[in-house]
Amino acid sequence: MSCYDCSRADLLRRAVAQAGRGLPAIEPGMPLPAGTGLTRREFLSRSAGLALAVYGGGALTGEAFDHGIAQAATDQAAGQNVLVSIFFNGGIDGLSVLFPAGDPRYYALRPNLALPQSAGRPFGEDDRLRWHPAASGLATLHDEGKVNVIPAAGYANASQSHFTARHYYEVGATDATLRTGWLGRYLDVVGTPDNPLQGLTLDVALHPSLATAKMPVATLAAADQYLFAPPGLPPHPLEASILQEAANIGAAHATSSDPALATAGSIAYESHHLYYQLGNFKYGFNSPVPYPSSSDPFPHRLAGLAAMIAGGLPLRVVGLTVGHFDTHATQAASLQRDLQLASDSILAFQRDLEARGIADRVLIHVWSEFGRRAQENASAGTDHGSAGIGFLIGTRLKGQMIGSFPGVTGGLDSAGNLVPTSDFRAVQAAILEQWLGADGNRIMPEAQPFQRPQLLR
Amino acid sequence: MSTAGFVAQYRGPFGKQQAERLLWRAGFGAKAGEAEALTHKGLVHAVHSLTRPAPYALSGPEPVDEHGRPIAPFDAVGHDHLFWLDRMVRTNAPMIERMALVWHDWFATSNLGVGSQRLMLNQNEMFRANALGSFRDLLLNVTQDPAMLVWLNGNQNVKQHPNENYGREMMELFTLGANRGAYTETDVRENARALTGWQGSVVNRQPTAFTFNPARHDPGPETIFGKTGSYMWTDSCNLCLAHPLHPSFFVTKLWSYFVPTPPDAATVKGLSAQYLKDGYKVLGVVESILMHPDFYNGPRMVKSPVVLNAGLLRMRGEYITSSIWWSLGQMSGQQLFYPPDVGGWDETRWLDTATYRGRWFIAALVQGADTPTDTPDDPAQIVARSIAFWGNPTVSQTTQTLLAEFARAQIKRGARLGDVETAVRRLVASSPDLQTA
Chain X
1 MSCYDCSRAD LLRRAVAQAG RGLPAIEPGM PLPAGTGLTR REFLSRSAGL
51 ALAVYGGGAL TGEAFDHGIA QAATDQAAGQ NVLVSIFFNG GIDGLSVLFP
101 AGDPRYYALR PNLALPQSAG RPFGEDDRLR WHPAASGLAT LHDEGKVNVI
151 PAAGYANASQ SHFTARHYYE VGATDATLRT GWLGRYLDVV GTPDNPLQGL
201 TLDVALHPSL ATAKMPVATL AAADQYLFAP PGLPPHPLEA SILQEAANIG
251 AAHATSSDPA LATAGSIAYE SHHLYYQLGN FKYGFNSPVP YPSSSDPFPH
301 RLAGLAAMIA GGLPLRVVGL TVGHFDTHAT QAASLQRDLQ LASDSILAFQ
351 RDLEARGIAD RVLIHVWSEF GRRAQENASA GTDHGSAGIG FLIGTRLKGQ
401 MIGSFPGVTG GLDSAGNLVP TSDFRAVQAA ILEQWLGADG NRIMPEAQPF
451 QRPQLLR
Chain F
1001 MSTAGFVAQY RGPFGKQQAE RLLWRAGFGA KAGEAEALTH KGLVHAVHSL
1051 TRPAPYALSG PEPVDEHGRP IAPFDAVGHD HLFWLDRMVR TNAPMIERMA
1101 LVWHDWFATS NLGVGSQRLM LNQNEMFRAN ALGSFRDLLL NVTQDPAMLV
1151 WLNGNQNVKQ HPNENYGREM MELFTLGANR GAYTETDVRE NARALTGWQG
1201 SVVNRQPTAF TFNPARHDPG PETIFGKTGS YMWTDSCNLC LAHPLHPSFF
1251 VTKLWSYFVP TPPDAATVKG LSAQYLKDGY KVLGVVESIL MHPDFYNGPR
1301 MVKSPVVLNA GLLRMRGEYI TSSIWWSLGQ MSGQQLFYPP DVGGWDETRW
1351 LDTATYRGRW FIAALVQGAD TPTDTPDDPA QIVARSIAFW GNPTVSQTTQ
1401 TLLAEFARAQ IKRGARLGDV ETAVRRLVAS SPDLQTA
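In the order they appear, the protein sequences are chains X and F. Residue 225 in the working numbering is what sits at position 225 of the first sequence, and the numbering runs on without skipping anything. Quick note: to get the working numbering, add 1000 to the position in the second sequence (first position is 1).
With the rest of the complex left out, here is chain F (with noise of 0.2 Å):
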């Protein structure tokens, strides 16, 4: 694997705030005291201890709904939703759930066209499994997937009559882009004919046997991207890859995962070099990204919903204790297994007047009912411990200067110190600070 030399590394400081943006942006977010132990790493040494952790291990107490049941993810409604959530909180290795989330994004599959949890966790295994290896072993494995093959009809794809849905959306969507002159129309009708032959479903919610039926293959021959062949599912993978436009489409979709501004061209091309000599291997690109100046130097990234959410819940060392998450998820539009389409989320928008009440809820709930009894009566006091009710995150002066005026207003006019306290961690968990990173 190539690891330097292809992009400009940060050469600035790494303190406590350069730490707190890469456990967000590469995982769920800072316990107390991490940043600050990550910061003595180093750049290099901190990224690595993210993209190269030991043995996947979970730690804490198994997930549990209200009733202290054990959580059933492939048959109760939205605990597959709180199985993922779970392993987000309870991880060592929170990098891998991020990566395994990116993949869920980019090869966007629903189960309200799936109809099996079941499947929707085998898929999900199976992006964990390929979170931070081959881009070619992914993109095989999706095409394969039964999740995928029920939720894009490539199991209804046949050689009589080719169903298109897979085959445009493995160029538009998961390897090449739209409006880049890569495909024709033309090249999306081969590419499924070349993609038929898959069988299988989900009856009363179980999977049937889900196999490459040759009888159901067109033997072609077909034409994409202007070579002739008789293409396999294989080979239309293949042919994606070779593309001289998905280097590009790929480096710069997944920096998109992590930097909110677009890279520069030189960057796009150091990017897809790195990317063709590491021979489509993940680890290497996420590394120069997540070392670049543009992640340390440029603006802030909104936090998803469920990275917020895992993140409040890790900074408070709690587990999960209740499914009111994933209706929550839901509410505050990422609700896990159900993304709104075969695109993804829209990275862009996660903020609107709908969303916002989600989060605020979210953060109301892991916050929990507790009413200290020990409330100093100074406004500075209590935003202080308030801060460190979220295991000291970085505050700016501008919050914590309104809070603290709010603290003292409220003290002024009566309210009880311990009510005072409670809304103040309220308000921190739902500032515009810790909704960013």
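Extracted from the complex, chain X is given alone in its bound form (with noise of 0.2 Å):
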């Protein structure tokens, strides 16, 4: 047993611990099942006791809550492959990250933009190719072969619009009208009634790709932001009862006929129960590398992210968005702004992983909308494109592209824009038949046509 499994177990019976001091606020007098010196079926039990005593009709609380905290506690799902989607917001720049250095086409269309000729790295699978200097850390984690680059992801006639374009990826398929995500429908497949946390958002909102039919999801802003107490108030002496009984409300409300007040309902009852879930995390965590520091949320969102994942919470797909790479005018500064954020913050969160000792159990998923034009405008930015540049990440990839790089000497369309040589629908589906070991053609029948890339090693 390593250090970091010692400190995984610790993390794991406190949140225990946490979420049985959290459940007996519920009726105070009860006797309190701390978690230390009880086995875990004992603690169940007797929670699940202690609320059925106190709901008696509302038995579903009770019940749901404890099948939550088991779950978080048991090391099947603490073992369980982990997805990550980070979306690179805007529909980032592919032939900037990675850009034809020896291509003097690339100057011709680029004269403002393009790269000198010895900026940043070779990229070894490519020697047309180098690294935009702000994506070292992407570059890093390549040279360790823990990197499948994507050079032109897309879709036959591409939309150039923001939002169908990321509608079509974040519901795996080219059609405007779907209501759930890729990830989502996965969920529906695999998950459980009474887990939010197996698809979490770290955002401010939901990730439409995490958008279910049935199964619960969480979002919340990082993973020592949940705390329900309001700022600026004392504390009410009835706090811990008032949230259970949000919840029991949501719960009553959960079934209706109205999907506007069924919703209501539901989320009230998965916030207080996610509220459980998160256990010690919410007070906080501690990183065993450092990450870069920024005003930008993404960082700690990851850190967080990682001492979750360490501490067997019951997480399977998660989503968060990084960066403003909708660059329309003086791309320049704004690009290696946000690619550095995101570069860096990946790597570093990579190191914490593997520091922690999970790292092959997660997987990245880096994606953004579209590519951009391969003319710059008068602005010194570039405007909506086609194929797109993503990323996967992670210790047992093959570390090889998909799909080559077509190049903007013969590998442009009729408008200009990169063309596609690998289908976003193909990797989806491909990430959920070798990672997550679903059933690809079921949750994305659009991707049936289309020949899988081998991920893994």
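Simulated from the structure, these hints should not be mistaken for lab results. The C-beta atom is built at its ideal place from N, Cα and C for all residues, glycine as well. Do not rely on the hints blindly, as some may be mistaken.
Stretch by stretch, here's where chain X covers chain F in the computed footprint (C-beta under 8 Å, at least three residues) [claimed, not checked]: (1) 1051-1061; (2) 1099-1111; (3) 1124-1136; (4) 1165-1176; (5) 1386-1394; (6) 1423-1437.
Starting from two chains that each stand alone, build the complex the way the hints lay out.
Shown next, in the form of structure tokens:
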């Protein structure tokens, strides 16, 4: 057992104990299932009895909490593969992230934005290409064989609308009417009705990729930001009871035939559930490696995520967003800033996972809704294009490109946009099948015709 | 203006619940007695009392921060949000503010890309002035609006190299809609050329002169929707408005702000006809929507965070005395002047476990820390008093029963009566009943 296993076990025990401390507040005076000295089974049965005693008809509430806590505490959940989906928001300019330094045409298309021929580091798999200096974190991981680069991800007749293109990636189909995400449908197949953490968005609002039809999913700004004591008010003497009762009222409306009431009810219930699931993490965590210091929440969210995975919380798929990559004007500076933050944060996260000994369980999927036009515009920016760049990052990956780089000489369509060399649905289905062990064609019928890339070693 | 006969009108009873729904969807909720008073007007006059208000006026104390100082909407972070929230709370014409909120979402501009609260608030005043007027005026105003010119790079769209950003969203988000076959990628590029010529920028948070400079304009000719001409930015707006697929886009999108279920084909057709007959005026179409059977017979809608916030303050007769509301707006998923992107907020996804927390805080902070000293030891009375605390909104029997059980259990275990009452107040405000209308 490594020292990181020790700390993991310790975190896990404290998480259970914390949840156990939360439950008796439902009804002070009841026996305290503190976790210490009790086996998990005893703890669960006692807390279940307690919740049932309090709620009678609302048995669902108590049972569900116990089940969620049980999941959090099982090694089965703790051993599960996790997918981290990171959205590079706005359509990142792939032709800058990996730029064709050897191609005179690139310099003709990009008189102001082209990077110097010697900038950044060479890309080992294709000697036409070099990494943007701000992407050094990704370059490092690629050199270590932990990155599958997708140099030109896309699909036929690509949409150049942010919303349509992003929606296609989120739902895993070129279908503007679909309302569930490709990862949400995965959770609907494998998930449980009492574990909001199975689909976690670390953001201010739910990622549509994780939108389910029936299973609960959770959203929180960061691991250590899920407390309910109102700022600036003295603590209410009945605070814990109020929270519990809000969940109870929520559960009573969750089955309403009115969709809005049902949603408001479910969310109230799931929020309370999540509050208990988070256990100690809502009060903070410690990272074994440094993360970039930034006013942007992205690195802090990743740091908290590593702690949660290490702590054995029952996560399956996680969604995050980074950057403002819609660089219609003065692209050089904003791309440099946001790419550096994204790349450095991802490197830190990977190092964190490796230090905690859980890197083999985590796959990162970086995607963006499209690439940008090869020719720059007059605002020292670039307009919407077609094929874009993506990455898969993890220790078990092959470390090889998915599709080749089409090149700005010969690889542009009639509108001057990069042509795709891999289909985004093939990559998503391959992740479902090869990483999450699911039936890709069932979850993503549109992926059926596409041959899957081999992702793992 | 055409007022009747284009689409079906609601004929059912117009009681307290219908009036509450109208006040929440066409305003910011009901103060005590307001819904009951509205029922006496009947449907048509009730709607008109909102859509055709008396001259705009504000009542109540001016907004201040937690130190009692006047807010600084042009300069202080978040005070732009406070400025507008205050308008929502103190206005005598809530529908004007609701429509300004619709246009803020429709032409979603974020100060994240603009960098000037002054320009954002100028745009806000423009939305208010055009709240229920002509959509043509609105589109023309938006197209030359400095905040929008900065946000979608219209100020960098020059003839040598057009910047497509505004030209695309004008068609996709503002007038025609994506994936309807209304336009091609070539139309987007040609539209961008027609829109060239604007200049101006924000330097050190101060706007410079925003003007149309003919030297930056592409003389054309451009071909848009198959028609060729030497087009100006005004032509660009008019071509989109004259497009056969514009009216159906306009009425369907406007409808979505007021009714959660999509309109049927006959309704789209009727509202489109009304819109065209009215010469792109908004008022008649809005009134038809607010009187439509689907508005009253259909399911509930989740209130947006700022609508909830303003509504709870109105219900309590409270005013802006703290700057906390802007950060709670952010936490609950709606910081004014910072929509997530040019597509605006997703009205179907207000609620998740993160935004719920922001709503929880909003309810708690509007309620405040006061504890009554005369709470009776009767659960039913505690529930009734707690609902009255919020101005007597309709609360379902399901919720009321659970609240009474909760109060009974807390009294039994010896909790202080005042604490039980404040707990029930909090639970009323955070209940699914009050999160929806």
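Results of checking the hints against the structure:
1. 1051-1061: Contact hint for the region 1051-1061 of chain F vs chain X: violated, 0 residues under 8 Å.
2. 1099-1111: Contact hint for the region 1099-1111 of chain F vs chain X: violated, 0 residues under 8 Å.
3. 1124-1136: violated (count 0)
4. 1165-1176: holds (count 4)
5. 1386-1394: violated (count 0)
6. 1423-1437: holds (count 9)
Hint violations for this structure: numbers 1, 2, 3 and 5, all remaining hints satisfied.
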